[in-house]
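Going down the list, the protein sequences come from chains Z and R. Heads up, the first sequence is in numbering that gives the first Met the number 0, so the first residue is 0 and it goes up one at a time. Heads up, the second sequence is in numbering that gives the first Met the number 0, so the first residue is 0 and it goes up one at a time.
Please keep in mind that the hints were generated in silico from the structure rather than gathered at the bench. Quick reminder that beta carbons are idealized off the backbone N, C-alpha and C, glycines included. Mixed in with the good hints, there may be bad ones.
[Said to hold, decoys possible] Okay, the calculated bits of chain R under chain Z, using three or more residues with CB under 8 Å as the criterion: (1) 105–112; (2) 127–140.
[Unchecked claim] A short list of chain Z residues far from chain R (calculated; beta carbon distances all over 10 Å): (3) ASP110; (4) ARG166; (5) VAL169; (6) GLU171; (7) GLU437.
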Amino acid sequence: MGGVDDNEPPLKRVRVPTVESGSLLKNSPFSEPVISLGGPMARPLASEGKEDIIGSKGVIKKVEFVRIITKALYSLGYERSGAALEDESGIYLHSSVVNLFRKQVLDGYWDESLVTLRKIDHLDENILKSASFLILEQKFFELLGKNRIIDAVKMLRSEITPLGIKRERVHELSGCIVSSSKLALLGFANVGTETANSRMKLLEELQKLFPPTVMIPERRLEHLVEQALNVQRDACYFHNSLDSTLSLYTDHQCGKEQIPSQTTQVLFGHHDEVWFLQFSNNGKYLASSSSDGSVIIWEVHEDGRISLKHKLTGHDKPVIMVAWRPDDCQLLSCGMEEVVRRWDVISGECLHVYEKSGLGLISCAWFPDGKQLLCGVTDQNISLWDLDGKELESWKGLRATRTSDIAVTKDGKWIISMCRETAISLLDREAKREHLIEEEQTITTFSLSKHDKFLLVNLLNQEIHLWSIVGEPMLIAKYKGHKRSRLVIRSCFGGYEQAFVASGSEDSQVYIWHRAGGDLIRALPGHAGAVNCVSWNPSNHHMLASASDDHTIRVWGLNRVNLKRKDAGYHCNGVVHQCNGNRK
Amino acid sequence: MMDLDPRHYEHVTINDGDIRNIVQSYLVHNCFNETAESFLACTGMKQPVDYLADMDKRKSIFRFALEGNALKAIELTEQLAPNLLEDNKDLHFDLLSLHFVNLICSRKCTEALEFAQTKLTPFGKVHKYVEKLEDFMALLAYEEPEKSPMFHLLSPDHRQNVADCLNRAILAHANLPCYSSMERLIQQATVVRQCLHQELGKDGPPPFSLKGFLKN
């Protein structure tokens, strides 16, 4: 083509204006004016085809690429490198006009900068006016800062107002004349003392006004890189690691090795089947309950090891569930059709026993404020108690069964309970609204996600269903593969942003699915009996615990051997790592 | 313009003395002192002695305010009714800003700025004056304040408003009614008609129109 592209910055070698550069070179930041003049002229015109585009996909324009790198170098403080790059590549970050303009702004030569402003290409009338306004505003504030009020007013009248834009701003500026608090409000209280800073800010504001070809926006390169990392992270199917693991050296891609797959510890402590377990909200403790009537509080240490902290006895019946108070200081435990006990986590003592004479309790849950609790009763009622055991309310809502889960959302608004064999009710007590989740099979248990957006429902027919409960409940996904025929098996959410679903199974394995995709990722053997319940540590995405009929609890973590292999660049579990963006 | 049948009015008798009071109150309120004097003389009504002297002073204060000579108005007000302006901060501010506007209109910007800085900004400590202050200061930003968004502050209407307020304040200070009875009567008729019209809709009498009434 031979012509100069519209996209390219005003300074292309062809266009270095001879007259201007003669006088402007004195102000040029470069120390070797001779090269500046002779250099670009001597280089071939960039419009000569192929040199313009770099990168294998043919979408990156070389001039843009070099300019944002140069900008990044300057932002990082590497002045010399930036200048050297401009020199060596012949691609200038800013045209000489723009450079002059920047210098004049930073040095406070306002009238001169206004003149130079008009010489910059690609600026339409609107931009010129807005930019002039900003510059004159700075001049105004600096005059006020030096107490040259009359001059400031004169300038306001004769230069700023006639621009005819931003009337409200003019109003505000005139308010500043007499009111120092107004000045502070607009952020210009210390213009006198912080001139350099505010002039830099002015330059940044001007940058935002100008088209990017004239002045590259701040932190453009960083923004592009962050964008790329976000895309990688979002595309990572098995993503289960912290942001700190994101690196620029390779495309981020978690393989399955980021998901717990190996038993790291086996916890012995119960004498009979372990029916329930749950990590505390802060991930520092684990509570488990057993058909031997005991509840154990385990402590999770910094290095991941878990040790027994308290064994809580007192129930005469199997303990079917426990519930952590939102602040993790207390624990509720529910005996099967028996009583609910409230324990202090630190001391291990039983603080209160909740019971209803002649009846048994079958589930328990905390209210988010930790001052009230809900219990399911064998007479199909739900009871609301305060901490001292006073029953505040009671309403009919449950079907009686061995266990009938209840839960409360974190905003305290919705009470979730199983109202029928095949339905779960979400009740907004204040607004007296109720939503229903209706299934075709019998529901055994359910579990609420961390941010109350999803409900995991376990069904008699060996399926786990994922429902969204924001607004009208909607079925989103189904998970299959595990076994359940006679027992109550529980499932849970877990991992980075609760991207995974885990469940126990009667075949003694722990099953893990990808929540959004629905596919089964892992089936972990190890237990010698049915796995009744699983819990994923909320603060350690690589730790999962399972409770089994074999009287033990297994703690699962990452396969260290596989991880090491990954670092050395081996294949891992079928996922190939590449550095240049090609996924499997 | 349909109005009530005038025959309805025949049944209502009016005391002549009441009517004279109404006229007198109007004359006094608007400082028509000479007319008031002759009216008194013609009708033989009695009035307190220093009544007219004060009216004279009030008249000149009103006139100065109307012309925009706020400083003179303030001076005389201080003489006639000391502490009145202290007790009426809003009014004080409005009067001072009249002077400010005067200076602006005579293009004496530096003086205006200085005046604002010394006299008006102290008001700015109280929140409700801040906005008003800003509006006035905005006039400084325009070489032709008549063309600015705040042009209404320069208008004779505004001055009239302030002058009226001042007049009423002075009357109140002297324990005299702030509104002439004539004004009140017309206002009352209007409001009553409005209420009737709202309640009865088409079946009731139309809203009060003074023009229409007078034509009848």
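Okay, the hints, checked on the actual structure:
1. With a cut-off of 8 Å between beta carbons, the region 105–112 of chain R has 3 residues touching chain Z; three or more are needed, and the interface restraint holds.
2. Only residues whose beta carbon comes within less than 8 Å of a beta carbon in chain Z count, and the region 127–140 of chain R has 9; three or more means the coverage holds.
3. Every Cβ of chain R is farther than 10 Å from the Cβ of ASP110/Z; the closest lies at roughly 19 Å, confirming the non-interface assignment.
4. Its closest Cβ contact with chain R, about 6 Å, brings ARG166/Z to no more than 10 Å, contrary to its assignment away from the interface.
5. At roughly 5 Å from the closest C-beta of chain R, the C-beta of VAL169/Z falls inside 10 Å, breaking its exclusion from the interface.
6. Its closest Cβ contact with chain R, about 8 Å, brings GLU171/Z to no more than 10 Å, contrary to its assignment away from the interface.
7. No beta-carbon of chain R is positioned within 10 Å of the beta-carbon of GLU437/Z; the least distance is around 54 Å.
Hint violations for this structure: numbers 4, 5, 6, all remaining hints satisfied.
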